[in-house]
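J.: Whole structure, please, built from the sequences with the hints as guidance.
Just remember that our numbering sits 121 ahead of the position in the sequence shown, which is counted from 1.
Hints were generated in silico from the structure; no laboratory data involved. The beta carbon of each residue, even a glycine, is placed where N, CA and C say it ideally should be. Mixed in with the good hints, there may be bad ones.
To be verified - Pair ranges (Cβ atoms, derived): (1) K254 / F212: 26 to 32 angstroms; (2) I251 / S281: 34 to 40 angstroms; (3) N145 / F266: 16 to 22 angstroms; (4) D339 / S281: 24 to 30 angstroms; (5) R201 / D146: 36 to 42 angstroms; (6) K326 / E373: 18 to 24 angstroms; (7) H242 / T144: 26 to 32 angstroms; (8) W232 / R396: 25 to 31 angstroms; (9) E390 / T336: 26 to 32 angstroms; (10) P248 / R286: 34 to 40 angstroms; (11) N145 / A327: 28 to 34 angstroms; (12) F266 / F212: 28 to 34 angstroms; (13) I414 / D339: 40 to 46 angstroms; (14) S389 / D267: 38 to 44 angstroms.
Claimed, not checked - In the DSBU-like style, the derived pairs of lysine-lysine whose C-alpha atoms are separated by at most 35 angstroms in a straight line are: (15) K411 / K399; (16) K254 / K141; (17) K290 / K301; (18) K318 / K301; (19) K317 / K292; (20) K326 / K297; (21) K317 / K297; (22) K318 / K290; (23) K318 / K411; (24) K155 / K318.
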Amino acid sequence: MSDDGLLPSHIYTTLLKAGKDLTNDPAFGLLYGKSAAPGRWGVLGYIMTCCHTLDEAIHCQQRYQDLVGSMGTLVVHPRRDTLRLLWDTDFTPLAVQSEEAITGWVTFGRWVTNTELSPSHVYFSHPAPIDTKPYREFFNCDVEFDSQFNALEIGASLLSTPIERVDEKLKRQLIKFADKRLENTNESYSFLSVVKKYIKETLPKAAPTLQEAATILDLTPRTLQRRLEKKGMHFSGVIEETRNELAIQYLEDLDNTIIDVTFLLGFSEQSAFTRAFKRRTGLNPGEYRKKYIQTEPMSEESVGHPHQQMNHSGC
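T.: In structure tokens:
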């Protein structure tokens, strides 16, 4: 066990497999996922309980998931009326692993909101068990097996669901602690990546200002700009770079219209998005999508593969 009380991933996986064998329960991943509570994710779990809404909690999970090292990484794909939460791994997960992860998300979401919220669809990459009834009963939605990914989808309207245990003062203290832990425990941690994560979280509402970003990061605007300049960047340039990265991701998801992408990136007009995208890529959004379709006619839905760390939580 590490100094943080985390089990190495191979030991945690061995324990999950042993639990399934000892109980002789093919749905052990589902069963164990139902016991998810804040302590399972350490400081991240407690930060999420202090958030105002489910949306904010999901953003915090994205921002701090490396603290619990994750066997898989949460990747969020905004869609038209739903949000897809993908459990992304760089290996083929066992059924017990993916079931525990996805079930744990739903259990935790219900616990922090004190509701019986349910996803609109759940996907598992492993074959269907003989009895799928326990899965349909727990998730209260369609559950698809033999999928190309492990994920759940929730209606966009659920993002505003309030969290009952809001504690802004405690959350700020926990975030300061988490930021220090993240910087100390992850050698590849980058201040720039934190700024970009914040921008990504904010863009669907509006492009953030330097002042807004500095406030969230607990810095003065001058300090934030100075730290970016050390990396050869300006805040406006970080926004532009982040938007371009997301634009490519969203345009390659053919479920998104170009208007959808425009607003997901925080542009008020499609013409502004078109100019910015062409300035970076030499193509307008429609041309880029057409070229992508021509070169990748059989491509599967694009999914992110950010830096992975192994963890005992399946977070």
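J.: Would you mind marking each hint as holding or not holding in the structure?
T.: Hint check results:
| no. | hint | result |
| --- | --- | --- |
| 1 | K254 / F212: 26 to 32 angstroms | holds, 29 angstroms |
| 2 | I251 / S281: 34 to 40 angstroms | holds, 39 angstroms |
| 3 | N145 / F266: 16 to 22 angstroms | holds, 20 angstroms |
| 4 | D339 / S281: 24 to 30 angstroms | holds, 26 angstroms |
| 5 | R201 / D146: 36 to 42 angstroms | holds, 38 angstroms |
| 6 | K326 / E373: 18 to 24 angstroms | holds, 23 angstroms |
| 7 | H242 / T144: 26 to 32 angstroms | holds, 28 angstroms |
| 8 | W232 / R396: 25 to 31 angstroms | violated, 45 angstroms |
| 9 | E390 / T336: 26 to 32 angstroms | holds, 27 angstroms |
| 10 | P248 / R286: 34 to 40 angstroms | holds, 39 angstroms |
| 11 | N145 / A327: 28 to 34 angstroms | violated, 53 angstroms |
| 12 | F266 / F212: 28 to 34 angstroms | violated, 19 angstroms |
| 13 | I414 / D339: 40 to 46 angstroms | holds, 44 angstroms |
| 14 | S389 / D267: 38 to 44 angstroms | holds, 42 angstroms |
| 15 | K411 / K399 | holds, 14 angstroms |
| 16 | K254 / K141 | holds, 18 angstroms |
| 17 | K290 / K301 | holds, 17 angstroms |
| 18 | K318 / K301 | holds, 16 angstroms |
| 19 | K317 / K292 | holds, 21 angstroms |
| 20 | K326 / K297 | holds, 25 angstroms |
| 21 | K317 / K297 | holds, 18 angstroms |
| 22 | K318 / K290 | holds, 22 angstroms |
| 23 | K318 / K411 | holds, 28 angstroms |
| 24 | K155 / K318 | holds, 29 angstroms |
Checked against the numbered hints listed earlier, the structure breaks hints 8, 11, 12; every other hint is satisfied.
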